[in-house]
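Given chain A, put chain B in place with the hints provided.
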Amino acid sequence: MNAIVNFLEKYFVPFAAKIGNQKHLLALRDAFIAMMPITMAGAVAVTLNAILRDLPNDPNVLGPGNFITNNWLSQHIIAMNGIVWGGTLAIISLVLAVTLGYTIAKSYGTNGIAGSIIALAAYVLGLPQSAQTNTTLTLDGVLSYDAINLINSTTATVSADGTSISVPGGAWGFFNFAQFFNPNGLFAVIITSFISVIIFSKLMNSKLKIKLPDSVPPAVSNAFTAILPGLIALYTMALLYRIWNLNVAIPLPTWIMNTIQTPLLNLSQGYIAVIVIVLLVHLLWFFGLHGTNIMAAVLNATYGIAQTQNVEAHALGLEPPFLWVASSFEAFVWPGGAGASLVLIIAVLVLSKREDYKAVGKLSLAPGIFNINEPVMFGLPVVLNPLMFIPFILAPLVTATIAYFATITGIVGPAVIPVVWVMPTILSGFFATAFDPMAIVLTVVNLVVAFLIYAPFIIASNNIGTKEKKSSEVA
Amino acid sequence: MLNVLFVCVAGMSTSLLVEKIKKEAENRGIEMQLKAVPEAETRKGLDEIDVLLLGPQVRYLEKQMQKMLEGKETKLGVVDMLAYGRMDAPKVLDQILDLNNR
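Residue numbers (the working numbering), protein chains in the order written: chain A, 1 to 475; chain B, 476 to 577.
One chain only, chain A, in its complex shape (with noise of 0.2 Å):
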């Protein structure tokens, strides 16, 4: 056991500091953090919308026609939902452009607000400008041969059967916000953003910039420094751009999202990928080190983008194209934060005998029900210490194995709905898939488990307790 802990105190904690300091990804989690107040306006908007429309109308709880949906209150906060919805989720990927292009700046020392613009324009500069429209109209009856054959004679065709016209169009002048703008075009915002930002302000940190006589005020200065750096960081994504339509039909960020973006989120569904995260997640922690927080860059990337997928498909009344998103893990890997450590407060209560432990058992319960772990982590302590290893390691990747399988068997349907991290246990599943009781069985199912591979280790920790104090005491 002690050979495990030193080997990677010595190999994995450094490599793990070393991620959790890297500024790119410090970046990228900052970037995603602050769109927080975006992300929780959308998730206020689909939450209300599951309440008053979604909930009350599903057959088995009311029905369509009910009360709760049907009246004149409900009906405007709904359209008002839709509204908010529009300028969220449905835009998402460019409210990321701005919050990445400000936190990647900051990072090199560069202006904020002018690499928030920069990220803006590099991504929208390159979307296609036109839009292609397929209208359909369904005829109540069957055309005439000769109708048939006038309008095929034109852009329009008529269906084999003769029931149905369709009309292909286009027009110059719209971005498909559907495609580029929601969760759909976040890897594309990514990606765009490092180069273009990146370049911008390697060059604005080079001697490379308008240079004006001190007697300039300091906020027009600025903005003359940054306007060499900022076209070639602009021409440099034009150029990208220009070369890329020239030989690939797709555009490029359609090609991002499904070249890296998709396959990428496919592979987080495994099985092996969720056990490997929530082992890391768990080892750094055993250090004592915020698991989530140093990999936060890299779950933000993955199973947060698929968990806004998920909300922005159910919000539109779609099958949520995700089964295991960031939630998942929130709501019935790790009840009460890493290593399910609510559970761990509980059996401390209920089986210690150890003063030191139920002192910290109870200054740890209430934070622990809004998954606040830090006291349980370093009080008790489970950091580094040797007993507590084996249950607080395991305890998550059982609670995660049920999870994922009642998850992709449909017992318990997928998150689709962005909970706060503080939301307690139960409640936190119930409100994430949507209201499924079936999430509520699954939690308690995983908190009873967890609880199983805690106690003997609790009630072993009451021997080495009393053994420590005897001996102290013949001391």
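A couple of the hints might just be wrong.
As the list claims (entries may be wrong) - List time: in silico PhoX-like cross-link candidates among lysine-lysine, alpha-carbon distance up to 20 Å:
#	chain 1	residue 1	chain 2	residue 2
1	B	Lys510	B	Lys497
2	B	Lys538	B	Lys550
3	B	Lys510	B	Lys550
4	A	Lys106	B	Lys510
5	A	Lys106	B	Lys538
6	A	Lys18	B	Lys497
7	B	Lys547	B	Lys498
8	A	Lys362	B	Lys495
9	A	Lys23	A	Lys202
10	B	Lys538	A	Lys18
11	A	Lys23	B	Lys542
12	B	Lys497	B	Lys566
13	B	Lys550	B	Lys566
14	A	Lys10	B	Lys538
15	B	Lys547	B	Lys495
16	B	Lys542	B	Lys495
17	A	Lys106	A	Lys10
18	B	Lys566	B	Lys495
19	B	Lys566	B	Lys547
20	B	Lys538	A	Lys23
21	B	Lys542	B	Lys566
22	A	Lys202	A	Lys106
23	A	Lys106	A	Lys207
Please keep in mind that the hints were generated in silico from the structure rather than gathered at the bench.
Just chain B, lined up with the frame of chain A:
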């Protein structure tokens, strides 16, 4: 007036400890200003801070903070793990005063 900044991930767990330390400082008659902030916010500026304490769960940030504090008077430390977990305010306050006197 002693100006102390606490840094953890979301500023949540540390804010529990901060309240206790404030009381302890009051009892001892020490005039100090204490604030708990999420780590991302510390990059906005660290002027006028006498002591900056990292929660043990973000101790991997120590090097980065050291760089940021270069040339400043601010003292940097990581809160003792057990004292943090057990919300041992007197002990953490001792640590703050100790750092400040260094």
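Against the structure, the hints come out as follows:
1. Lys510/B x Lys497/B: Answer holds: Lys510/B to Lys497/B is near 10 Å, not above 20 Å.
2. Lys538/B x Lys550/B: holds, 13 Å
3. Lys510/B x Lys550/B: Holds, at about 15 Å.
4. Lys106/A x Lys510/B: Violated, because 23 Å separates the two Cα atoms, which is more than 20 Å.
5. Lys106/A x Lys538/B: holds, 18 Å
6. Lys18/A x Lys497/B: With a Cα-Cα distance of about 34 Å, the restraint between Lys18/A and Lys497/B is violated, given a limit of 20 Å.
7. Lys547/B x Lys498/B: violated, 28 Å
8. Lys362/A x Lys495/B: Measuring from Cα to Cα gives roughly 16 Å; hence the hint holds.
9. Lys23/A x Lys202/A: Holds - the C-alpha atoms of Lys202/A and Lys23/A are around 14 Å apart, at most 20 Å.
10. Lys538/B x Lys18/A: holds, 10 Å
11. Lys23/A x Lys542/B: holds, 13 Å
12. Lys497/B x Lys566/B: Holds. Lys497/B to Lys566/B sits at ~13 Å (cutoff 20 Å).
13. Lys550/B x Lys566/B: Within the cut-off at roughly 17 Å; holds.
14. Lys10/A x Lys538/B: holds, 17 Å
15. Lys547/B x Lys495/B: Violated, at roughly 28 Å.
16. Lys542/B x Lys495/B: violated, 30 Å
17. Lys106/A x Lys10/A: Measuring from Cα to Cα gives roughly 32 Å; hence the hint is violated.
18. Lys566/B x Lys495/B: Status holds; Cα separation ~11 Å.
19. Lys566/B x Lys547/B: Answer violated: Lys566/B to Lys547/B is near 26 Å, above 20 Å.
20. Lys538/B x Lys23/A: holds, 13 Å
21. Lys542/B x Lys566/B: Violated. Lys542/B to Lys566/B sits at ~27 Å, over the 20 Å cutoff.
22. Lys202/A x Lys106/A: holds, 12 Å
23. Lys106/A x Lys207/A: holds, 18 Å
Against the hints set out earlier in the document, violations occur for numbers 4, 6, 7, 15, 16, 17, 19 and 21.
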